[in-house]
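Visitor: The lines below spell out each chain.
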Amino acid sequence: MSISRRDFLKRSVLTGGALSVLSTTQLKGFTKHPIGWKGNQRVSEIASICEMCFWRCGILGNVDKYGKILKIDGNPEHPLTHGRLCARGNAGHKLTYDPDRLKYPLMRVGKRGEGKFKRVSWDEALDFFAEKLLKIKKEYGPEAVGYFPHGIQARFFHQVMTAFGTPNSVEPAFAQCRGPRDVGYKLTFGNNIGSPEPLDFEHTDLMVFIGSHIGENVFTGQVLQYAEALERGAKLIVVDPRFSDAAAKADYWLPIKPGTDTSLLLAWMHVLIFEGHYDKEYIDNNAIGFDQLKEHVKDFTPKWAAKITELPESLIIKTARLMGKCSPKVALHPGRHVTWYGDDSQRSRAMALVTALLGSYGRKGGIYLSSKIPAPKFPSSHHKPKVKRADGAGTKYPFASKGLGVTNGLIDATLNEDPYPIKGWVVYSQNVLESIPETYKTKEAIDKLDLMVVVDVMPVEQILYADLVLPEATFLERYDDLYTVKNAKIPFAAIRQPIIDPLFETKPGWWIAKEMAKRLDLKDLFPWDTMEEYFDHRLSGLNTTLKQMQAKGIAMHSKGTPYYDFSKPVKFKTESGKIELYSKKLLREGFSPMPEYTPIDEVPTGYFRLIYGRSPVHTFARSQNNEILNSYQSENDLWLNNKVAEDLGLLDGEYVKLENQDGVISNKIKVNATPGIRADAVYMVHGFGHNSKRMRKAHGKGVSDTQLMTRVKVDPISGGTGMRVNFVRIVKNGNPIMLSGAFSFLPNFEGEGEEELKYVEDPKRVKAKRKIKKVKKKEVKVEKKELKRKVIELKEVETEEEEDEGC
Amino acid sequence: MIWQGICIIQLNKLPKVIDMNEREIIYKTFAKLFNYPDDELIEWIKSGVIAEFLELIEMEEAKIEERNQWNKLNSKSDLLEVLQVEYTHLFISSFPTIPAPLYKSFYEDNEIMGSSIESLIDTYEKYGFEVSKTSNELPDNLVLQFEFASLLIKDNVPLDEQYSFISEFILSWTEKLEEKIIENANLDFYKDLLVTINKFLNNDIATNNTKLSRAEL
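Sequences listed follow chains A and B, in order. Under our numbering, the first residue of the first sequence is numbered 1, with each subsequent residue one higher. Under our numbering, the first residue of the second sequence is numbered 808, with each subsequent residue one higher.
Keep in mind that the hints were calculated from the coordinates and are not lab data. Values in this document were obtained by computation on a predicted structure and should not be read as measured data. By construction, the Cβ of each residue, glycine as well, lies at the ideal position given by its N, Cα and C atoms. Errors might be hidden in some of the hints.
Unchecked claim - Which residues of chain B face chain A? A few of them, derived with a C-beta cut under 8 Å, are:
(1) A838
(2) V856
(3) E932
What the hints assert, rightly or not - Which residues of chain A face chain B? A few of them, derived with a C-beta cut under 10 Å, are:
(4) G67
(5) K68
(6) G110
(7) I463
Construct the complete structure from the given sequences, taking the supplied hints into account.
Guide: Set out below in structure tokens:
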């Protein structure tokens, strides 16, 4: 009699064969407690620092009896935020509990971009990582590995990369953000500005923002100081093509033509010098090159600038006089994201020179001085790499920071294998596909790599291209390096400590760095075993220990007054020891020693200049998937001048797409038809339009400005990528919408260079326009009322004589 | 021992007698099957142990035969990688989305560590258990819930309390999980497994209800 397999199995089951094998299964998911155990009481309130943006405000994490972070409050001990916290900080725990977060180390098993991975153990992951790095080192040298870090969490791994031997560490914080500003101010005063910007809003009489939109761009501490200054009666000048949140609070809003700011600054200098409003004593005692500057700005009259900026001449004069009147208590914000048009270092220099002429640097009410924090580091036997950098920092871009590097320079080097091959990228908390423009180049560069490792919290699109993905614990689950704030009137150090243990198999950066150091034969790189030991050493300079600091999260370092003492000679950290109005350093490198206005490309007919900025409830492209923040703002919208919208037959709130000058078409975006933007520009908040469907709340919502930036103009001084050089036109139902008679001067659309794109008056659109006119009539009335004060003011400026500004 | 065994009742089939010891092993095995695939699991699949187990929990015969054919086509290392990739795709990380996270809270609160986790932790603690500090998993992970069910059985917790846990904390979401797996699976392995397990859980509970009804009579 034959026995079928099924019969056999049945018999086996009866004899318990399978079950006896399976009974050996070892599961260790639970701990058993003796009878009478009442359960855990994990309730606690732990001080730490936020990482929902880069300002790192003080927080208190509240943990409930289930070990879950219930809420996050502001830490009242924090000297800048005093217990206040923005929406992002309050929503921080939703990052920790985001179902989409990375949970385990993943190794790619499919093709790059396919998104096929398998989970691996940390040992497998780190062994693979080290093996690949050492292979690249052997074949091409350690410099063939590029490091793309962001944030204090990436510092420990930065040490690993440096000791490994690569000089190629690059952060978008420089070339896509504040690089030109730092260069401009350093060339002038010998110090870059740093973060947070040391603006003495507390004592200022006048705040000047050029493109800075505080209120939309939120650092709680700075916003508080700004709001208090306004409440105290400080004046505000805002230069912005858009009626920003700050512009709405301004005494003077200058809706400048984009890209012409340097001409305005030069004209301001002209008025300050030739009308004698500058601080003569300050300049005579502390600056060199005044005569050259005076000669330089001689012809840059307000009339000249008015034509360029499309601002009333009288408004330029009036605002310059106001600055002179408030001198030295003028806080001219140096800006943060300043990589706009490729002449950004010179524009920043111009801002620094205005500050200098006003005598505001190192003075009460202007820019105060930072001071070092005595937090000793562990001595290291490893030296800085001696190999030349590949990104052009210090060479092609002579004034670029060698600490932060030039991201786009390293991408170019990877792509062209020039000056040498770059075969590995370690991307740590940086989003190379969202923070760096010309994404197509970045993807091409990735294709040339032998190894790409991503360390991150969220599965942003770049993980699809990674060979290895390492899940980092969120900022609420880890220690990071000591955070020292030098730019505070009383400098301080703050700690990030775990509020809960890391979920899943995520690990803190310090652990990853230590483990990799072991594997790369750099064992002595971290001569400490625990973070307690590490912190105790670093905090010794502040006469405290980690244990003492844990309750408050903050240790203050008192110092003297944060202003220069001009009763004694002041030595600036420039070559000459003086404020350099005329820069020999720039001249030696072949650049103009004083800022010049360089006209930028005009907007082609039918297109708009794409400008962008920040949202108060989101940070870069990092927070759009956060449940709470997504509910506040799930998509960005497109600011479009209301009259233009009307002419184009577009309704406020309707969805359109954008096509840039190179034919890249965006996702759909909602029109925000408003009189609060010039007719030649459109504006959107950065960070939306995520491609990764793994970000289930953020995917496909709004438009990514970065993806529309297929062109940049690189600042030859700093290497910063000017990104406001891209143009878009509006596409509806698959067709570009242009005004009647408009021409396209740009190639790539329908394959024809200067072919006329006729505007066909669609009957539906005619109907829609009629409807719009009716609706608009009402809306514009309301909006006009809102702007009335500004408009009246502008008119008054043109007709009235100078009036007392009360400074 | 009061309970010598329970019956798995299926229509048109003779009841299969499964005792408490076997039941504990079954739930442990469920946990093992939904853990990340390892060499031990592959060994069991290859040696037919898992096929026997699936027979015990009444997987459809044709499906078991399919599994066997499929197993023959893969070496142990290939099979391990194939299952690991599928597991990663379904439960951990994949493109375009993580189709079927193994967390109750995801289905009931639309987040992880949502409010539904509180009563679960309370239940663990009521019986003297807490999730081990060495575990990297959230308390409502399916693997931990199966393990906890096996611990309740092992500890001779009254049967109605065992079933109450299974019903309230496992079956309340595994049918939604099953839908997600069916929609997104690249392979049949986890799909067939969860379909069968869900049937088993329903039968297990139905048996208890029958017993209770009989006791009342």
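Visitor: Hint compliance check: list the failing hint numbers for this structure, sorted ascending.
Guide: none
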